[in-house]
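Okay, here's what each chain looks like letter by letter:
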Amino acid sequence: MVSEKDVSYVADLAHLELTAEERARMLKDLNSILGYIERLNQLDTADVEPMAQVASRYGVGVGHAMREDELKPSLPHDEAIKNAPQTDGTFFKVPKVIEK
Amino acid sequence: MNLDILTVDAARTAVLEKQTTATALVDAFYKKIEAEDPAIGAYLTLCKERAQRQAERVDALADKGDALPPLAGVPIAIKDVLTTKGVRTTAGSKILDNFIAPYDATAVARLEAAGAIVLGKTNCDEFAMGSSNENSGFHPVKNPRDLTRVPGGSSGGSAAVVAAGTAVASLGTDTGGSIRQPAAFCGVVGLKPTYGRVSRYGLIAFASSLDHVGPFGRSVKDVALILQQMAGRDPMDSTSADLPVPDYAAEIGKPVTGLRIGVPKEYFGEGLDPEVRAAVEAGIQELAKAGCEVVPVSLPHTEYAIPAYYLVATAEASSNLARFDGVRYGMRAREAKTLAEMYRKTRDAGFGTEVKRRIMLGTYALSAGYYDAYYLKAQKVRSLLARDFDEAYAKVDVIVTPTTPTPAFKLGEKADDPLAMYLADIYTVTANLVGVPAITVPCGKSKEGLPIGLQIFGKHFDETTVLKTAHVVEHALAAG
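Chains as they are written, first to last, in my numbering: chain R, 7 to 106; chain F, 555 to 1034.
Derived by calculation from the structure, the hints in this document are not laboratory data. Hints may be right or wrong, so weigh each one.
[To be verified] Below, in silico cross-link-like pairs of lysine to aspartate or glutamate (DMTMM-like), each with a Cα-Cα straight-line distance of 25 angstroms or less: (1) F:K891 to R:D35; (2) F:K819 to R:D50; (3) F:K934 to R:E74; (4) R:K88 to F:D902; (5) F:K819 to R:E27; (6) R:K88 to F:D879; (7) F:K585 to F:E571; (8) R:K99 to F:D581; (9) F:K968 to F:D879; (10) F:K899 to R:E44; (11) R:K11 to F:E908; (12) F:K899 to R:E27; (13) R:K88 to F:E889; (14) R:K99 to F:E588; (15) F:K639 to R:E85; (16) R:K88 to F:D651; (17) F:K639 to F:D879; (18) F:K648 to F:E588; (19) R:K99 to F:D902; (20) R:K11 to F:E588; (21) R:K102 to R:E74; (22) F:K648 to R:D35; (23) F:K639 to R:E44; (24) F:K648 to R:E55; (25) R:K99 to F:E889; (26) F:K1013 to R:E55; (27) R:K34 to F:D970.
[What the hints assert, rightly or not] Label-pair ranges, simulated between beta-carbon atoms: (28) R:R45 to F:A621: 18 to 28 angstroms; (29) R:A52 to F:E603: 57 to 67 angstroms; (30) F:P800 to R:K11: 49 to 59 angstroms; (31) F:A593 to R:A52: 14 to 24 angstroms; (32) F:G640 to R:F97: 39 to 49 angstroms.
Note that CB positions come from ideal geometry on N, CA and C, so glycine has one too.
Can you make the complete structure from the sequences, with help from the hints?
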């Protein structure tokens, strides 16, 4: 069972604030979904390999994971910062990271 | 020219034979969109200038009498999770409301290089998370076949434009059924190719090991023609497969005698609407009449697919969506004093309820102490599901099932019950976990006139057989 404390802890990890109402809703929904997910424990998977990728099982695309480390043109600097909420023209600007 | 029934080939031929121009065709589609789309809500952004420029290029080729590329003049729509250079790309989220993509997704670039004309970007569930399109950060899409019902999701807009005739074909993405379920609900054809067949470069990631790009069309052949131009290795996506691309349309209409069709009992059990069952069984009868051998098979771990899926998908999503932090793109909450506060306030204001729910579930599943019990367990069950398919494919060439347990449901019907909504994908998610190609093709209507879809799974990279089989069902339905 997920507790209110778990919801706060996970929200912190995920950089979400969540209102009191959202937290209550989240507690209910996570418990309902995880309750459904419990059925996975009916399966004995002690000797089963995990499958993280389709390619890892079927060999598709294997051999492409590595490439030469070559210098190639990338997104131009002005294009890369165009969508930023705040810049100084060169760098992204953010609020203070460390408080004095 | 009747835009409601215009096919890919007919659009290209009309331009080639000078029955119309690409420019006139684009104008006609925009007129239809302006008249009919407000009631449906399928488009989020129209890119008229881009479409106009592309139409002029196609017309210039036609005027010179040059050979026209395979999709010349074909008006298409693109789900708004695929980037389009210089055009607003939102992923259906307020957090990207003002985002102008700096590059084109490979799938989009390849279709345009083949002469297709992008009319606009289609509405979807926020970050492709949903099964009804009600999770769009902007507005829901309505099913063109019945405006009181959902079009399905998450690619609801892309399914709706093809059903409504406000595009000839479209692109969607499918992470757990997001092409096939809306295609079935709207009565059109939708294909999720094999994982690795179509590049994901430029697809705003939801769950990278499950995300696929694929086409919607009004016919199996149209879907084959669109896939043809997108498929193949792309150096920008390291998971795209370096395998030859066959001629997908070439086999359509060829005999299917002797083809072994697997029918898995787990897909015809409790929860399946009787009308859907009857329509799919009638479709299987048509395949038998065409000379296919129908073989009962079992995919014994089917009931574990949804729980495994919602762990893998949300875990990957929680990681992928960490990039939306108000720094490099998208919206930023203004009132924050520190960086950490800015992250939290931005994500709180920018993400909708379902997206937050999935980030929370995924973060929980990956958090210390729970990783083995949830995420690793789900990955092991994923192996068991893949094994089910390997064993079935030792006996059969394709597998036929219903696409969805019911026809399109009413707007609002499942909006407050996330688990009920997740179960709408019960027949589609396994193909994403295993990576096999899967198509949905209309196979009849309910008494209320709602479309019903028949789903066909194929072997990895055997889209050709999937398309050929789907065409038999489509053809029988048109004839009968």
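Right, here's what the structure says about each hint:
Of the pairs offered as hints, the one joining K891 (chain F) and D35 (chain R) is violated, with about 32 angstroms between alpha carbons and a cut-off of 25 angstroms exceeded. Pair hint K819 (chain F) plus D50 (chain R) holds up; C-alpha atoms about 22 angstroms apart against a cutoff of 25 angstroms. This hinted pair does not check out: K934 (chain F) and E74 (chain R) have alpha carbons roughly 33 angstroms apart, beyond 25 angstroms. For the given pair, K88 (chain R) sits about 23 angstroms from D902 (chain F) by alpha-carbon distance, which is consistent with the 25 angstroms threshold.
A threshold of 25 angstroms between alpha carbons decides the hint, and for K819 (chain F) with E27 (chain R) the separation of about 43 angstroms lies outside it, so the pair is violated. For the given pair, K88 (chain R) sits about 16 angstroms from D879 (chain F) by alpha-carbon distance, which is consistent with the 25 angstroms threshold. Distance check on the hinted pair: K585 (chain F) and E571 (chain F) sit about 23 angstroms apart at the alpha-carbon level, within 25 angstroms; holds. Between K99 (chain R) and D581 (chain F) the alpha-carbon distance is near 43 angstroms, which puts this suggested pair outside the 25 angstroms criterion.
Between K968 (chain F) and D879 (chain F) the alpha-carbon distance is near 30 angstroms, which puts this suggested pair outside the 25 angstroms criterion. This hinted pair does not check out: K899 (chain F) and E44 (chain R) have alpha carbons roughly 33 angstroms apart, beyond 25 angstroms. A threshold of 25 angstroms between alpha carbons decides the hint, and for K11 (chain R) with E908 (chain F) the separation of about 21 angstroms falls inside it, so the pair holds. Between K899 (chain F) and E27 (chain R) the alpha-carbon distance is near 16 angstroms, which keeps this suggested pair within the 25 angstroms criterion.
Proposed proximity of K88 (chain R) and E889 (chain F) is supported: the alpha carbons are some 22 angstroms apart, at most 25 angstroms. Annotation: proposed proximity of K99 (chain R) to E588 (chain F) is violated, straight-line Cα distance about 40 angstroms (limit 25 angstroms). Simply put, K639 (chain F) and E85 (chain R) have alpha-carbon atoms about 11 angstroms apart, close enough for the 25 angstroms limit, and the pair holds. The suggested pairing of K88 (chain R) with D651 (chain F) holds, with an alpha-carbon distance near 14 angstroms, which does not exceed 25 angstroms.
Annotation: proposed proximity of K639 (chain F) to D879 (chain F) holds, straight-line Cα distance about 22 angstroms (limit 25 angstroms). Distance hint between K648 (chain F) and E588 (chain F) is fulfilled; the C-alpha atoms sit about 23 angstroms from each other, no more than 25 angstroms. About 20 angstroms separates the Cα atoms of K99 (chain R) and D902 (chain F), which keeps this hinted pair within 25 angstroms; it holds. Of the pairs offered as hints, the one joining K11 (chain R) and E588 (chain F) is violated, with about 50 angstroms between alpha carbons and a cut-off of 25 angstroms exceeded.
Restraint check for K102 (chain R) and E74 (chain R): the C-alpha separation of about 38 angstroms exceeds 25 angstroms, so the hint is violated. For the hint linking K648 (chain F) to D35 (chain R), the alpha-carbon distance of about 23 angstroms falls within 25 angstroms, and the restraint holds. Note on K639 (chain F) and E44 (chain R): the hinted pairing is violated, with a Cα-Cα distance of about 44 angstroms set against a maximum of 25 angstroms. Under the criterion of a C-alpha separation no larger than 25 angstroms, the hint pairing K648 (chain F) with E55 (chain R) is inconsistent with the structure, at around 39 angstroms.
Proximity of K99 (chain R) to E889 (chain F) is assessed by CA-CA distance (about 15 angstroms); at most 25 angstroms being required, the pair is judged to hold. Annotation: proposed proximity of K1013 (chain F) to E55 (chain R) holds, straight-line Cα distance about 21 angstroms (limit 25 angstroms). The straight-line distance between the Cα atoms of K34 (chain R) and D970 (chain F) is roughly 12 angstroms, inside the 25 angstroms bound, and the hint therefore holds. Remark: the range hint 18 to 28 angstroms for R45 (chain R) to A621 (chain F) is contradicted by a beta-carbon distance near 57 angstroms.
Between A52 (chain R) and E603 (chain F) the beta carbons are some 59 angstroms apart, a value that agrees with the proposed interval 57 to 67 angstroms. At about 55 angstroms, the CB distance of P800 (chain F) to K11 (chain R) agrees with the hint of 49 to 59 angstroms. Separation of A593 (chain F) from A52 (chain R) is about 55 angstroms and departs from the stated range, judged on CB atoms against 14 to 24 angstroms. The given range of 39 to 49 angstroms is broken by G640 (chain F) and F97 (chain R), whose C-beta atoms sit roughly 24 angstroms from each other.
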